[in-house]
Amino acid sequence: MANFTPVSAAIGGALIGLAAAMLMLFAGRIAGISGILGGALAIGATDRGWRLAFLAGLILAPVTAMLAGIRVPMPQMPANWLIVIGAGLLVGFGTRLGGGCTSGHGVCGIARLSPRSIAATCIFVGVAMLTVAIMRHGIGG
Amino acid sequence: MPALASLACGFVFGWGLLISGMMQPAKVLGFLDVLGPWDPTLLVVMAAALVVSAAGFAILQRRGRPYLAPQSYWSSNTVIDPPLIAGAALFGIGWGLVGLCPGPALVNLATLSAPVIVFVAAMAAGMLMHDLWWTRQVARWSPHSTAADG
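For the protein sequence lines, the chains are V and S, in the order given. Counting from 12, one number per residue, gives the positions in the first sequence under our numbering. Counting from -13, one number per residue, gives the positions in the second sequence under our numbering.
Chain S on its own, in the form it takes in the complex (with noise of 0.2 Å):
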């Protein structure tokens, strides 16, 4: 059942991005080019996005518990801390780029479009390249951490 109303949330999602026009880099481009014809669709989408968000989010707050699951995983991290700073750093030049965040670039995979789907694929090894890293940042440093800790 999870995997059905996840299957379900993916589907509108994908139908909100489709609708929005935000699957088209050109139109994110636009929003993000300050410096031309600014185009602030983006800031709509994102506006309409959480006032709904928001409403769901306090019924639940009011509620206790999702329907389908046990608990609901917030992130319990709330430190600004480097990683944090960085990685949105390294997102937003790649976002610059090309006006493709992770969305968008999935949903287009549908138009079977080459630079997509290499897009995509380089995506997917960037993800797998910070795991990898980061695994060997926590073996380097969990000695010193654990001692501290312990």
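Chain V on its own, in the form it takes in the complex (with noise of 0.2 Å):
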């Protein structure tokens, strides 16, 4: 538990909560952000305003940060190019299947006790442990 950081997680946590109920509150839109991108992308969209201007302020987050000295990381990412083009395909598209990733399931599904989105973050959660489990420790490792 060497990186556990409860204070900046609960902080951002709560923050992440506040964005979510001001969202419905306001507009009635669940955020969710494979809904909400996907919705963008999805050929024939009509409603794609909401969208874009979520996706806009979402991104605009770190920029203001950046332009306030705020030190920003970079992401480590895996140095293997098939396993970052095979894990953003299986993200997009099982999120789209599945109908809602961490934020539409993991947040704003269970905050209503949506039977299917306790289902879909049990099973999200699980499978991905599973395969950090055989990444790392598993055969060969």
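Be careful, since some hints might not be right.
Partial chain V-side listing against chain S, Cβ under 10 Å, derived [said to hold, decoys possible]:
hint, residue
1, G23
2, I27
3, G68
4, G99
5, A131
The set of hints was computed from the structure by calculation and includes no laboratory data. The beta carbon of each residue, even a glycine, is placed where N, CA and C say it ideally should be.
Combine both chains into one complex, guided by the hints.
As structure tokens, then:
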């Protein structure tokens, strides 16, 4: 538990919850990132406005942090491009097929006790833990 | 106005991911790696997010309708069906491989990291591939389903 950062986690988590509550309270929309992005990309979409605005706000956050002189760490990514591309495809296809990701199912869905979201979150967290166990500690590791 | 509210919500959401440390794949993988030196940070992030969003949703329920929209767009689907299970499993594999889910992936675009840009492009391609595949499935099965429903 050397890397455990509960205070910043609670503050950041509360902000994520606040954003999800506000989006529903004002725009009536679920703050599910895969749904918002997928809907913005969908061919023939008619409600791109609020979606693109949300996505712009999302990316503006680290940009304003950088402008304010706050260090935004470079993400550690796998060196293998095939893993990067494969994982991206799986995340994109899987979240659309499963109807949500960590934010839509994991936060908004569980917050209203949706059985679908509770099931989806248990499955993707469990499968991700299994994937990490195999990649880091598995055969040949 | 709804677009402006949406922009503000995205902005707050992005700051939440940044402050919580969830932008960093290493932190997320630290939570997912239950056999390693386990880092429960993600659990605290989710718990805090759940408490605040549940409170907000409760306010909306009492109010009845959103301030700037005619209705709230909740999912009406309540069935735990094969697409939900398969989709969540595929997403779980991708999430475990890199430690990025859609929100942090998009927020990390600001770092201009080349692998993140490639990841987001692949993620967008995966979403479009799903839409094309799904349209075909519906086209293949709809004659049967409409016959059954009609």
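Hint-by-hint comparison with the structure:
Taking 10 Å as the C-beta cut-off, the interface hint given for G23/V holds, the closest approach to chain S being about 3 Å. Taking 10 Å as the C-beta cut-off, the interface hint given for I27/V holds, the closest approach to chain S being about 4 Å. Annotation: interface hint on G68/V holds; nearest CB of chain S at approximately 3 Å, less than 10 Å. The beta carbon of G99/V is positioned within 10 Å of a beta carbon in chain S (closest approach about 3 Å), and the interface hint is therefore held.
The criterion of a C-beta within 10 Å of any C-beta in chain S is met by A131/V, whose closest approach is roughly 4 Å, and the hint holds.
When each numbered hint is compared with the structure, no violation occurs for any of them.
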